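S.K.: Here are the chains, one letter per residue:
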Amino acid sequence: MIQQTHGKPLALVLEDEALIALDLQDELHDAGYEVAGPFTTCSAALEWLRTKTPDTAILDAALKDGLCREIALELERREVPFLIYSGHHEDSELLADLHHVPWIEKPAPPALLIEACQQLVAGHP
Amino acid sequence: MSNDQISPPWDECDRLAALRSYRILGTPPEPTFDELVQLAASACQAPIALISLIDESRQWFKAEVGLGVHETPLDRSICLSAMLRPGLTIVPDLIEDPRFAHNPLVAGEPYLRFYAGAVLETPAAVPLGALCVLDHVPRALTEEQASTLAVLARQVMSQLELRRIIAEQDERLAANRQVEQRQALLVRELHHRVKNTLATVQALVGATGRSTGSFEEFYRSFSRRITALAKTHNLLTEDYWQTAPLRQIALNELKPFAESRVPRFMLLGPPLELSADLAVPVGMALHELTTNAARYGALSAPGGYVEVRWTTSEVQGVRKLHLEWKECGGPPVREPQHQGFGSTLLRRVLPMQCNAQVEVHYDREGLRFRMDAPLIEQRLVPDY
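Sequences listed follow chains S and V, in order. Residue 88 in the numbering used here is what sits at position 88 of the first sequence, and the numbering runs on without skipping anything. Counting the second sequence from 1 gives a position; the numbering used here is that position plus 125.
Hints may contain errors.
Below 27 Å or equal to it, Euclidean Cα-Cα: the simulated DSS-like pairs (lysine-lysine) are [claimed, not checked]:
#1 Lys445/V / Lys64/S
#2 Lys64/S / Lys356/V
#3 Lys320/V / Lys451/V
#4 Lys64/S / Lys320/V
#5 Lys356/V / Lys320/V
#6 Lys451/V / Lys356/V
#7 Lys380/V / Lys356/V
#8 Lys8/S / Lys52/S
#9 Lys64/S / Lys52/S
Each pair of labels, with its calculated beta carbon distance range [claimed, not checked]:
#10 Pro153/V / Arg77/S: 33 to 41 Å
#11 Asp497/V / Arg78/S: 33 to 41 Å
#12 Pro381/V / Gly7/S: 47 to 55 Å
Just so you know, the hints here were simulated from the structure itself, not pulled from any lab data. Since we're looking at a predicted model, the values are computed, not measured. For each residue, glycine too, the CB sits at the ideal point set by N, CA and C.
Take these sequences, add in the hints, and give me the full structure.
M.R.: Here you go:
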């Protein structure tokens, strides 16, 4: 069920720090992904999700327009595996209902994020 | 009766302030005060007893028995007279006293005839009102009743004092709690920002790495970017990491060129505080522009000159920043072959991070950069 674009898996990036977002985008490109976004607001990501579905996603937990909960739930509903990349502790009360989701604390080496994405995409039935 | 009036050591303004400091006016009935008036009524064998506080234009009863109202206008107040005299005021027959004979409560319902009131006064001898008993028939108080009334009045004052101390303590606690909350907010904000800043630095490593050819070049560019970032953060720290002045952000970068005998740059714009969300990317942009100007542009040749102008405007309630960087007098400019980090920052990071509209023009006579961005004015940590 991979939404391939030119044979490449599609990764959604939701991150409001532009430098981080663009670096993620470059790293994902280098690793053979197409990137949806980067989106800096939940509303922009949700708008995109109205018509498309990614193969995986990297979500910042707290965006300028709120928490990424709604997007996370929508991805779960569509069985899209994703991870959260956040400056917040995993055990913060921020997204208590999303603790089963892989949670990578900022900052993390790009290689680790890419590897986590690979595993998510590969592990998905 | 009027010849014994001496002017009191307080004025009405102080008296009202003292009364307000007890935070009692308008509060609901409380058993402690209700019991004290009941005690006053039964000790004096009077049908009516009141704790009357003299407010600006009314007397208000913290507790009462037998009267059935919680306040009356001041022109009906007998306590007002009692309050102005030390100790106990006893009026055996109100109808016989010209001060009260025409009082509507005496001349009409409920036909009051007897009054005895003990002044309620603060430790600083400022009168607030009276504890009084009233009756429908003319009479007197026994010595014991009179002294009981005086004791009960002091009890009322003790209760009021206690109340004030507790209220003041509560207010102090609330203020402390506010400070604590503010501190917790700051710590959380700092923690989040530090983590985000580290992630930004890491992204800078990646971006700088991708746009440089050698380690030496990487190291030089990267270190300078970190320094520029640090300088903006210095400015932000002075305001609890909330805002930084735009002029100072620009000066941070251009200061090395201020030493020259001929002016090399000009900063033209009103005082403007940028929120952290805008200050950091704008600081980085000005760093990239300055670095570029020093290497290839107007600041690389003796006669070159940079003009930085900014204005603000307000359209439909949204304040906007217009910032322009204009070089002249440098070597002829050509569109660069290679899109380096600087151009990524101007063309991609600024639009994304600040919702900015950005233009970069490689005019032959000098590079021109312009950005329009909404000013974000929300503070996460309140200003003092």
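S.K.: Checking each numbered hint in turn, tell me which of them this model violates, lowest number first.
M.R.: 3, 10
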